[in-house]
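Visitor: One letter stands for each residue in the lines below.
There are 2 protein chains.
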Amino acid sequence: MKPSIPKGTRDFSPAEMAKRNYIFDTIRRVFYTYGFQPIETPAMENLSTLMGKYGEEGDKLLFKVLNSGNFLEKVNREKDTKNSEQITPESSDRKPSSDNCSLFIDSSDSPSLNRLAAQLCEKGLRYDLTVPFARYVVMHRDEITLPFRRFQMQPVWRADRPQRGRYREFYQCDADIVGTDSLLCEVDLVQMINTVFCALGIRVAIHVNNRKILSGIAEVIGQADRLVDITVAIDKLDKIGLDNVNAELAERGLPAEAIERLQPIILLSGTDDEKLATLRQVLADSPTGLQGIAETEFILKKSSLLVPDSEIILDLTLARGLNYYTGAIFEVKALDAEMGSISGGGRYDNLTGIFGLPGVSGVGVSFGADRIYDVLTQLDLFPKEATEGTRVLFVNFGDTEAAWSLPVITHLRKAGVATELYPDASKMKKQMSYANARGIPFVVIVGEEEMTSGRMTVKDMQTGEQTKLTPDELVSMMTTTD
Amino acid sequence: MKPSIPKGTRDFSPAEMAKRNYIFDTIRRVFYTYGFQPIETPAMENLSTLMGKYGEEGDKLLFKVLNSGNFLEKVNREKDTKNSEQITPESSDRKPSSDNCSLFIDSSDSPSLNRLAAQLCEKGLRYDLTVPFARYVVMHRDEITLPFRRFQMQPVWRADRPQRGRYREFYQCDADIVGTDSLLCEVDLVQMINTVFCALGIRVAIHVNNRKILSGIAEVIGQADRLVDITVAIDKLDKIGLDNVNAELAERGLPAEAIERLQPIILLSGTDDEKLATLRQVLADSPTGLQGIAETEFILKKSSLLVPDSEIILDLTLARGLNYYTGAIFEVKALDAEMGSISGGGRYDNLTGIFGLPGVSGVGVSFGADRIYDVLTQLDLFPKEATEGTRVLFVNFGDTEAAWSLPVITHLRKAGVATELYPDASKMKKQMSYANARGIPFVVIVGEEEMTSGRMTVKDMQTGEQTKLTPDELVSMMTTTD
Chain Y
125 MKPSIPKGTR DFSPAEMAKR NYIFDTIRRV FYTYGFQPIE TPAMENLSTL MGKYGEEGDK
185 LLFKVLNSGN FLEKVNREKD TKNSEQITPE SSDRKPSSDN CSLFIDSSDS PSLNRLAAQL
245 CEKGLRYDLT VPFARYVVMH RDEITLPFRR FQMQPVWRAD RPQRGRYREF YQCDADIVGT
305 DSLLCEVDLV QMINTVFCAL GIRVAIHVNN RKILSGIAEV IGQADRLVDI TVAIDKLDKI
365 GLDNVNAELA ERGLPAEAIE RLQPIILLSG TDDEKLATLR QVLADSPTGL QGIAETEFIL
425 KKSSLLVPDS EIILDLTLAR GLNYYTGAIF EVKALDAEMG SISGGGRYDN LTGIFGLPGV
485 SGVGVSFGAD RIYDVLTQLD LFPKEATEGT RVLFVNFGDT EAAWSLPVIT HLRKAGVATE
545 LYPDASKMKK QMSYANARGI PFVVIVGEEE MTSGRMTVKD MQTGEQTKLT PDELVSMMTT
605 TD
Chain F
125 MKPSIPKGTR DFSPAEMAKR NYIFDTIRRV FYTYGFQPIE TPAMENLSTL MGKYGEEGDK
185 LLFKVLNSGN FLEKVNREKD TKNSEQITPE SSDRKPSSDN CSLFIDSSDS PSLNRLAAQL
245 CEKGLRYDLT VPFARYVVMH RDEITLPFRR FQMQPVWRAD RPQRGRYREF YQCDADIVGT
305 DSLLCEVDLV QMINTVFCAL GIRVAIHVNN RKILSGIAEV IGQADRLVDI TVAIDKLDKI
365 GLDNVNAELA ERGLPAEAIE RLQPIILLSG TDDEKLATLR QVLADSPTGL QGIAETEFIL
425 KKSSLLVPDS EIILDLTLAR GLNYYTGAIF EVKALDAEMG SISGGGRYDN LTGIFGLPGV
485 SGVGVSFGAD RIYDVLTQLD LFPKEATEGT RVLFVNFGDT EAAWSLPVIT HLRKAGVATE
545 LYPDASKMKK QMSYANARGI PFVVIVGEEE MTSGRMTVKD MQTGEQTKLT PDELVSMMTT
605 TD
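If you read the protein sequences in the order shown, they are chains Y and F.
Position 469, counted from 1, in the first sequence is what this note's numbering calls 593; the numbers after and before it change by one each time, with no gaps.
Position 67, counted from 1, in the second sequence is what this note's numbering calls 191; the numbers after and before it change by one each time, with no gaps.
A hint or two may mislead.
Since the list can't tell identical chains apart, any single copy or any two copies may satisfy a pair.
Said to hold, decoys possible - Below, in silico cross-link-like pairs of lysine-lysine (DSS-like), each with a Cα-Cα straight-line distance of 25 Å or less:
no., residue 1, residue 2
1, Lys126, Lys177
2, Lys583, Lys177
3, Lys538, Lys508
4, Lys184, Lys198
Hint data in this document are derived by calculation from the structure and do not stem from the laboratory.
Predicted model, so just to flag it, every value in this text is computed and none were measured.
Construct all of the structure, not just a fragment, from the sequences and the given hints.
Guide: Given below as structure tokens:
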């Protein structure tokens, strides 16, 4: 039997874990300094919590967990109620019919397939961290003091078709502030995004947009219900050019007049201030649009004072999350790598309404660990210390030498130095190649001479240099060169 | 709609997370200093990897994940092969029969229920970290240098009946050394267990036993195949007393003569040395038993030199994991709390044999985070610093004051001090009660006077004391009192 893992999932080796933990630790440390507090929610949520929250496509991508025990119980019960005279042939003489399942289903008929899935499964794996967070806020509303600044770093699961860079299990790192509509929160998040990427050494551009501006645009060209069509087309400007964008808009059914009015928006350019000035003219008749402009101006002005390291750009083509974002929209792109968005977020006005708690506004940001990993790899930005495991290996020459070494090893570990004794008295060559394979920078040799003199031979594996050190000298060397 | 979570699962609040992270961080730090390296494996494994590894009972407790897309496909395909003439009534005129599922199943018949589950589901949630680790070692054998010291801290899922202290989702923290049978590894783990609990401030007794001693005992009383019966009964000595243990042994079918010969073992007492001496006499005719004694003596002798803080006890009643442990067995009990085992482990000689890679011996230890949490709570041992979130809250009096405060906040955060600005210019009282509810120790007030003088009012929330500080003084106070 050759073991394997489900497609779209991954094992992480120690070397990969070291790099991933460097990313997670950096993000977590920044989250803490910005006053965010961690929560965790279960991997499994009730399907009633998850279904209908991610659109029809999302429902299909939920991993469903088979009810434990007799998973046909619910299928039967429902059949008994609806169609109690139906009895399966072989069972009738042996058991009460409720123990039996007789199932006729056209499995190419998705509504009946969905119905059956809902009878077989009550639970599903979480699809993102936002819906579980909304559920959390509602369930724990009496314990939470608003505004609530929470972060969450946990895996999510999606039954997407796996492909390069897209996995069925991946971590999300989310930070949200809920219970206030203060724009200072948006400013806080922009600044935090900047702090995270500065700490990681990645130069980024933070793209900012506002749902209200997009709504205003759709409104003033008389196409209020075509927001998504418009932004999807505009978003392609860089890739396909103006003519093709206009063609696509026409194809999507926008009248020529509306497309005409849209031109100054599609071609909007200049500094952020100039863009805002143009927009203020174009959207003069849309109160929503004007509010979006005012919000964006506030966010850009305050942020530019606090975030000198990152580019902040007003980007009208930014149209992520239009299903839920109601105000600011953020997206972060690495300047020195071709990677798409490595972080994003926005404001949603009614996070918890769907669970019966209206009026809770929130704004959040999510960091994409996998893409950040790829950027750091491309740009060779992982610091060497972050990927180091064991620092000192003691060679094992036999029982006596091992016994002599153990207290020294204990001493090093107490001082926080990651130290191992090779467990077997194998050939020196084998032990040295273990040190090499593990990337252990220092090897300590304790033989007869060393035990007599009390000075161990310490070999720097990179330079090959050997020195003779007492246990105390070794500890002090390992704790000061750190 | 009132949201809820699946039974047996939990949300973790910020306060709980702080305490849990204190435990995980402590254990992780110790793992690193002992040269262990982290890996992670997917939450979902193929059911073929998991099934049959945890006994029949374990198979039932696996959470199975419904195949995505048309989950009836495999049910149909198999039916088509086996019983191709069977066509469901309503489908015959509309679709090819392979799109339809006609299912007659007696759901009280578990073999056919299991067969159906295997058709509906190919994946399951991991049940422990050991089997995925074994699978990992086999899959990645070409990348791994043995001996391999790995740790893993991830949740596992079991469809157990939820009850007090038993959850359907819980974290395991495992450290294992595989690829060597050196007893120095057992010594390393005993020492590491001691280091972890010293760091947490929990006084423990480390109980040690050896599968080979138990086998030797069963052998010399002529009941080699009754190992489990014997140890289950012996294990109850403390609870039910000698007479009842003997009665239970008789009930389990042990002959009177065997029970008679077992008495010196059941009543074994004295120091570890005395116990070993008695055992050496009783097991004189069992080579396996004598090897178990020699191994145990080595582990106890070496450990007692390195682990002065913890009690180490030879405990023959310790009989956990007899399905897989082949040598040393460990179990850790808190001395000052009634809690049962808070950590345990042992040596298994053939971890990866089941996946086609024989001859890989390993020894490991697992820490029970939930029980450790309960012990620390009972004994009030969580350090105050470990549970502190935000350290400084800036009160918000309006735009001007907020704008004045933001650069100071940035300065504090850069110095690593967790700092927030209250996002709204709400009433002072509301902002102060937010600080109280969050347990924030310092509140900074910036009003007109403070902006003019450049000295902020800093209130110590515990003492109520107020001081006037410049931004630099505030940063230096926050970073030195840490």
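Visitor: Decide, hint by hint, whether the structure agrees.
Guide: Results for each hint:
{"no.": "1", "hint": "Lys126 with Lys177", "result": "between (39 Å within a copy, 15 Å between copies)"}
{"no.": "2", "hint": "Lys583 with Lys177", "result": "neither (59 Å within a copy, 44 Å between copies)"}
{"no.": "3", "hint": "Lys538 with Lys508", "result": "both (23 Å within a copy, 23 Å between copies)"}
{"no.": "4", "hint": "Lys184 with Lys198", "result": "both (21 Å within a copy, 18 Å between copies)"}
The structure shown violates just one earlier hint, number 2.
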